[in-house]
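Undergrad: Protein chains in written order, with the working numbering: chain A, 54 to 919; chain B, 3 to 236.
Honestly, the hints are just simulated from the structure, not real lab data.
A few of these clues could be false.
Said to hold, decoys possible - For lysine-lysine, the following BS3-like pairs were computed, each having C-alpha atoms within a straight-line distance of at most 27 angstroms: (1) Lys911(A) <-> Lys117(B); (2) Lys820(A) <-> Lys117(B); (3) Lys690(A) <-> Lys640(A); (4) Lys425(A) <-> Lys250(A).
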Amino acid sequence: MSVAETSPASGYATSTSQTQLSWLSSLQLSFKIALRELRSGLQGFYIFLSCLTLGVAAIAAIGSFSAAIETGLSTQGRTILGGDVELRLVHRQMDAQKLSWLRGQGSVIEVATLRAMVTTRGGGDRALVELKASGGDYPLFGELELLKEGSLNTHLSQQNGTWGAVADPALAERLGLKVGDEIVLGNLNLTLRGLIKREPDRVSGGFFFGPRVMLSKQALLETGLVQPGSLIYWHYKIKLGENATAEDITAFQQRLEAQFPDEGWRVRSRDNAAPGTKRFIDRLVLFLSLVGLTALIVGGLGIGNAVNNFLEARRRNIAMLKCIGAPAASIFQIYMIQVLLLAAIGVSVGLTLGLVLPIILAHVLNDVLPIKLSTGLYGLPLFTASTFGFLITVAFALWPLSTARSLPATALFRSNIQPVGSGLKGKYLMAFLATFSAIGVLALLSFPEPRFTLYYFGGVIASFAILYGLGRALVAMARHVSRPRAAALRFAVTNLHRPGAPTVSVVLSLGIGLTLFVTLALLDANLTRELRQNLPEKAPAFFFMDIQPGELESFKTAGLATDGVESIDTVPMLRGRIKVVNGVPSKDVKPAQDAAWALRGDRGLTYAETLPTGSTIVAGEWWPPGYDGPPLVSFTKDIADGIGLTIGDTVTVNVLGRDIQATVSSLREVEWESLGINFVMVFSPNALRAAPHTHLATIVMAQEHESKLLATLTKQFPTVTAVRVRDALDAVSDLLGKLLFAVRGSNAITLLVGILVLAGAMATGLKSRIYDAVILKTLGATRRQLVAAHAMEYALLGALTSIFAVVAGAAASFGIVRFVMGFDWAFDPLTALGTVVFASAVTVIAGFATTWRALTAKVAPILRVD
Amino acid sequence: MSDSVAFLRDVQLTLPSKAGSVDILRGIDLEVARGETLGLVGPSGSGKTTLLMVLAGLERASSGVVRVADHDLSSLDEDALALFRRDHVGIIFQAFHLIPTMTALENVAIPLEFKGDEAAFARAEERLKRVELGHRLHHYPGQLSGGEQQRVALARALAAGASMILADEPTGNLDQGTGSRIIDLLFTTQRETGSTLVLVTHDPDLAARCDRIAHIADGQIGEVEVLAERRKSA
Numbered sequence: 054m055s056v057a058e059t060s061p062a063s064g065y066a067t068s069t070s071q072t073q074l075s076w077l078s079s080l081q082l083s084f085k086i087a088l089r090e091l092r093s094g095l096q097g098f099y100i101f102l103s104c105l106t107l108g109v110a111a112i113a114a115i116g117s118f119s120a121a122i123e124t125g126l127s128t129q130g131r132t133i134l135g136g137d138v139e140l141r142l143v144h145r146q147m148d149a150q151k152l153s154w155l156r157g158q159g160s161v162i163e164v165a166t167l168r169a170m171v172t173t174r175g176g177g178d179r180a181l182v183e184l185k186a187s188g189g190d191y192p193l194f195g196e197l198e199l200l201k202e203g204s205l206n207t208h209l210s211q212q213n214g215t216w217g218a219v220a221d222p223a224l225a226e227r228l229g230l231k232v233g234d235e236i237v238l239g240n241l242n243l244t245l246r247g248l249i250k251r252e253p254d255r256v257s258g259g260f261f262f263g264p265r266v267m268l269s270k271q272a273l274l275e276t277g278l279v280q281p282g283s284l285i286y287w288h289y290k291i292k293l294g295e296n297a298t299a300e301d302i303t304a305f306q307q308r309l310e311a312q313f314p315d316e317g318w319r320v321r322s323r324d325n326a327a328p329g330t331k332r333f334i335d336r337l338v339l340f341l342s343l344v345g346l347t348a349l350i351v352g353g354l355g356i357g358n359a360v361n362n363f364l365e366a367r368r369r370n371i372a373m374l375k376c377i378g379a380p381a382a383s384i385f386q387i388y389m390i391q392v393l394l395l396a397a398i399g400v401s402v403g404l405t406l407g408l409v410l411p412i413i414l415a416h417v418l419n420d421v422l423p424i425k426l427s428t429g430l431y432g433l434p435l436f437t438a439s440t441f442g443f444l445i446t447v448a449f450a451l452w453p454l455s456t457a458r459s460l461p462a463t464a465l466f467r468s469n470i471q472p473v474g475s476g477l478k479g480k481y482l483m484a485f486l487a488t489f490s491a492i493g494v495l496a497l498l499s500f501p502e503p504r505f506t507l508y509y510f511g512g513v514i515a516s517f518a519i520l521y522g523l524g525r526a527l528v529a530m531a532r533h534v535s536r537p538r539a540a541a542l543r544f545a546v547t548n549l550h551r552p553g554a555p556t557v558s559v560v561l562s563l564g565i566g567l568t569l570f571v572t573l574a575l576l577d578a579n580l581t582r583e584l585r586q587n588l589p590e591k592a593p594a595f596f597f598m599d600i601q602p603g604e605l606e607s608f609k610t611a612g613l614a615t616d617g618v619e620s621i622d623t624v625p626m627l628r629g630r631i632k633v634v635n636g637v638p639s640k641d642v643k644p645a646q647d648a649a650w651a652l653r654g655d656r657g658l659t660y661a662e663t664l665p666t667g668s669t670i671v672a673g674e675w676w677p678p679g680y681d682g683p684p685l686v687s688f689t690k691d692i693a694d695g696i697g698l699t700i701g702d703t704v705t706v707n708v709l710g711r712d713i714q715a716t717v718s719s720l721r722e723v724e725w726e727s728l729g730i731n732f733v734m735v736f737s738p739n740a741l742r743a744a745p746h747t748h749l750a751t752i753v754m755a756q757e758h759e760s761k762l763l764a765t766l767t768k769q770f771p772t773v774t775a776v777r778v779r780d781a782l783d784a785v786s787d788l789l790g791k792l793l794f795a796v797r798g799s800n801a802i803t804l805l806v807g808i809l810v811l812a813g814a815m816a817t818g819l820k821s822r823i824y825d826a827v828i829l830k831t832l833g834a835t836r837r838q839l840v841a842a843h844a845m846e847y848a849l850l851g852a853l854t855s856i857f858a859v860v861a862g863a864a865a866s867f868g869i870v871r872f873v874m875g876f877d878w879a880f881d882p883l884t885a886l887g888t889v890v891f892a893s894a895v896t897v898i899a900g901f902a903t904t905w906r907a908l909t910a911k912v913a914p915i916l917r918v919d
Numbered sequence: 003m004s005d006s007v008a009f010l011r012d013v014q015l016t017l018p019s020k021a022g023s024v025d026i027l028r029g030i031d032l033e034v035a036r037g038e039t040l041g042l043v044g045p046s047g048s049g050k051t052t053l054l055m056v057l058a059g060l061e062r063a064s065s066g067v068v069r070v071a072d073h074d075l076s077s078l079d080e081d082a083l084a085l086f087r088r089d090h091v092g093i094i095f096q097a098f099h100l101i102p103t104m105t106a107l108e109n110v111a112i113p114l115e116f117k118g119d120e121a122a123f124a125r126a127e128e129r130l131k132r133v134e135l136g137h138r139l140h141h142y143p144g145q146l147s148g149g150e151q152q153r154v155a156l157a158r159a160l161a162a163g164a165s166m167i168l169a170d171e172p173t174g175n176l177d178q179g180t181g182s183r184i185i186d187l188l189f190t191t192q193r194e195t196g197s198t199l200v201l202v203t204h205d206p207d208l209a210a211r212c213d214r215i216a217h218i219a220d221g222q223i224g225e226v227e228v229l230a231e232r233r234k235s236a
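Using the sequences and the hints, build the whole thing.
TA: In structure tokens:
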């Protein structure tokens with residue numbers, strides 16, 4: 054018979070099973086007491102709940118929205134690509150033999166895209182457009198929606214001897230056109246027969262400089278725009294079968310590779326229909342997710358401060374519970390249960406917002422977004438957001454809770470005279486580290502691009518560590534500094550190092566909050582600068598593309614004869630893709646992130662006898678005049694470094710289906726900012742001169758004559774395409790503007806959390822401040838003296854944290870702007886300093902608003918009660 | 003009365019409460035002479051502590067005249083009252099009311115610091131030595147016994163040279179032995195400095211050490227015993 058069975062009534066745990074039962078009972082009891090304590094309501098927890106709700110809502114909403122986009126992209130991959138697989142050739146159409154092989158694999162349609170100029174009849178207004186020429190079988194998947202009734206094929210067909218076209222409503226608006234009007238493309242007059250509402254494969258088309266115009270392939274051939282070397286992309290969209298599986302697509306790609314190994318076409322399948330869009334969305338989602346997580350982590354400080362204040366107010370209860378026999382573990386349980394119950398409220402509200410917001414957003418953006426969002430209940434982002442919420446709560450509540458646990462029972466008798474030693478020790482420190490690691494692992498698993506997430510956590514940990522160190526250093530300095538003569542300053546300095554002074558936690562909250570403000574302000578400043586970047590003084594006004602070699606001299610003459618033209622610069626231009634780098638197929642090369650684009654798809658190439666202006670040789674030598682040896686190529690240094698090329702290495706470039714192997718003979722630095730003509734790859738003339746190609750021209754001229762030049766040249770050379778640099782930059786600015794909008798939107802949430810946290814930090818220790826102020830007033834301190842002392846204390850804290858915030862905020866914004874967004878970063882001292890001064894001023898005012906209660910507190914009740 | 007340090011005439015104090023306004027003080031007339039010791043006795047809730055608060059300028063009378071150390075307290079704003087306390091009044095509480103996060107030395111130096119006294123800490127140290135706490139200068143209140151804390155409070159009350167000491171149950175939180183040592187110290191110091199002492203207490207023996215005892219009941223002063231003359235006659 055066991056001991057447990059012989060002494061059941063003793064009340065003492067005598068066996069393992071009874072110990073477990075008593076542990077369970079203790080948990081139940083803790084739960085009951087926790088519920089009783091919560092009867093006092095949510096007072097003091099509004100900042101806690103707001104921080105948690107906003108952070109969880111941000112992460113859940115961003116996660117749900119990106120899931121809706123990604124599901125949309127993957128379920129509509131066929132429609133977005135316009136086929137199961139797409140092959141794209143530049144400059145040339147596919148020959149009949151290959152096309153016939155392709156037709157043996159499934160249904161195939163041929164589509165051409167190019168940039169061209171549209172003019173209104175009579176040569177009045179003109180605009181750069183993105184042309185798309187298709188046959189009657191377009192599209193293979195989805196449907197091209199028109200604003201009014203009618204089928205695409207009827208609209209594009211030849212009627213009464215005139216071909217038809219349909220266009221983006223933006224073109225009609227820009228040129229003042231209406232359906233039925235005539236437009237001119239190259240040498241051909243067409244009738245605008247309809248306006249496009251939604252183009253199914255629009256997203257896979259890349260970046261648009263102008264509005265879309267669609268016409269039939271036959272009409273395109275009659276425009277005269279299709280010339281040898283013209284920059285035309287020929288797309289071959291293939292439907293492998295009604296129910297083609299991923300395996301069918303892979304098998305097709307293998308057959309294609311085996312049949313035509315060296316074709317130089319770009320192959321894309323439906324599961325990767327819009328990689329550019331996906332990359333952009335991934336970056337945006339990463340940025341927004343990290344902003345959301347920052348809101349939550351910064352909010353964590355608010356949570357920690359709130360829990361701390363809550364426990365401060367419960368000191369007597371805790372001491373009393375200990376007096377009547379509650380063990381330390383129960384104290385921890387009772388208050389952790391309360392914190393978790395409150396967290397559950399915050400997380401629930403946050404999840405609801407995070408679920409509803411994307412649905413509202415999708416509804417609002419339905420007509421703006423090029424794809425249909427698949428909104429709905431996505432479990433994973435909601436689970437992730439709520440897990441983040443609970444983990445952050447636990448991580449930041451552990452410190453004050455472990456402090457409460459060690460509050461001695463004697464605190465009941467000593468009132469609030471005895472400060473309790475704080476700090477995470479032993480298993481609580483381990484629990485904190487484990488929780489924080491779990492947050493890191495969850496972020497790495499759930500956010501795209503783990504590399505940036507790792508950098509982010511490195512930054513967060515470094516910021517917390519440095520601020521903690523700064524806080525401790527400030528306390529130590531305040532303790533050892535010789536007593537200042539002025540009473541207010543002495544009081545301020547003493548306040549910083551008094552036992553239980555919240556200096557470290559205020560430095561942490563204030564430092565993180567101010568850093569966040571500086572980061573976001575610098576981010577905003579950099580994006581705005583990118584958006585409003587003025588053109589260099591001598592930047593060209595126009596790029597003219599597709600100038601045929603036979604037209605070149607007359608084009609130059611006509612251009613130079615126009616008023617206001619200062620100079621015309623022309624270079625030959627072709628498109629080609631890098632196939633092999635030093636014997637390694639380019640798809641197997643692992644380039645640096647910044648250089649990866651050079652290996653993706655077709656790139657512009659040129660050849661030149663002499664070093665292009667704006668270039669400087671930094672390695673190797675330029676080829677001698679009249680060079681006629683094996684093909685040589687000059688690379689820009691950054692790209693050569695990024696893909697691991699040095700002098701003497703070889704690259705194979707496919708141009709118009711022909712492979713050209715060239716040796717790297719020099720590396721150049723290029724001043725891209727001048728917007729002159731420059732290329733990553735410049736070949737020796739003998740390598741490319743014989744290939745069919747066109748010329749690219751830039752014209753530097755006075756702005757007031759731009760319209761006249763455009764009218765003259767496009768009329769005289771109808772197949773030449775003009776890109777007005779200002780218009781192109783506007784198109785880029787438009788995209789950046791949307792990005793800035795998203796950044797500002799997410800910043801608003803984070804700033805709100807930051808302000809809440811600062812308000813919470815200021816409220817830290819309010820009770821003891823009120824007590825101190827009452828005693829000091831009793832002893833003869835005037836309000837002016839108290840205000841001066843508090844102002845100096847806040848000024849000391851503000852000055853220290855501001856210096857940190859400027860440095861850390863600059864570093865963080867540099868990382869985001871340079872590496873996540875890929876723009877140039879510049880430090881804007883006025884913005885950085887302005888932000889910290891403004892934020893510090895707000896903090897001091899917030900501090901006063903809070904301590905004003907302390908300064909104006911009625912003396913008698915506090916002296917009587919305590 | 004030119005020799006009086008405190009002069010109260012028909013002082014009323016009414017506080018609002020949820021159940022209606024409560025009359026705490028109801029027509030108090032009182033004069034305290036310079037250098038005198040006055041005991042205020044009476045049952046709990048009779049208004050003793052409130053009267054002390056009114057004398058200290060911590061509670062404002064609803065009506066009547068309150069004149070202390072030649073200051074009409076009803077005409078002073080909050081800051082002027084603070085300065086008045088700093089220069090003229092030292093207060094000792096039952097619950098000590100030391101600032102928990104300041105050392106004994108810092109607690110005693112505060113009123114001197116607010117006065118702009120350059121030698122605040124030297125004087126504070128001197129005061130603490132006089133209450134036999136020279137060895138506890140850098141201890142925090144939490145590290146001191148109740149008696150020691152009350153001695154710090156006494157040193158603080160007298161640090162800035164107050165002409166009137168207001169003591170509210172100064173031994174209420176102390177054992178008998180410690181309490182009587184504190185009281186001895188209080189009366190000795192009062193005699194040495196020639197200051198006026200107003201002492202709120204429940205303890206008849208303690209009250210009997212004063213020159214006069216004012217009995218308060220229901221917000222009014224009833225009998226005033228003059229013990230100094232009795233002692234003289236005895």
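Undergrad: Output the indices of the hints that this structure fails to meet, ascending.
TA: none
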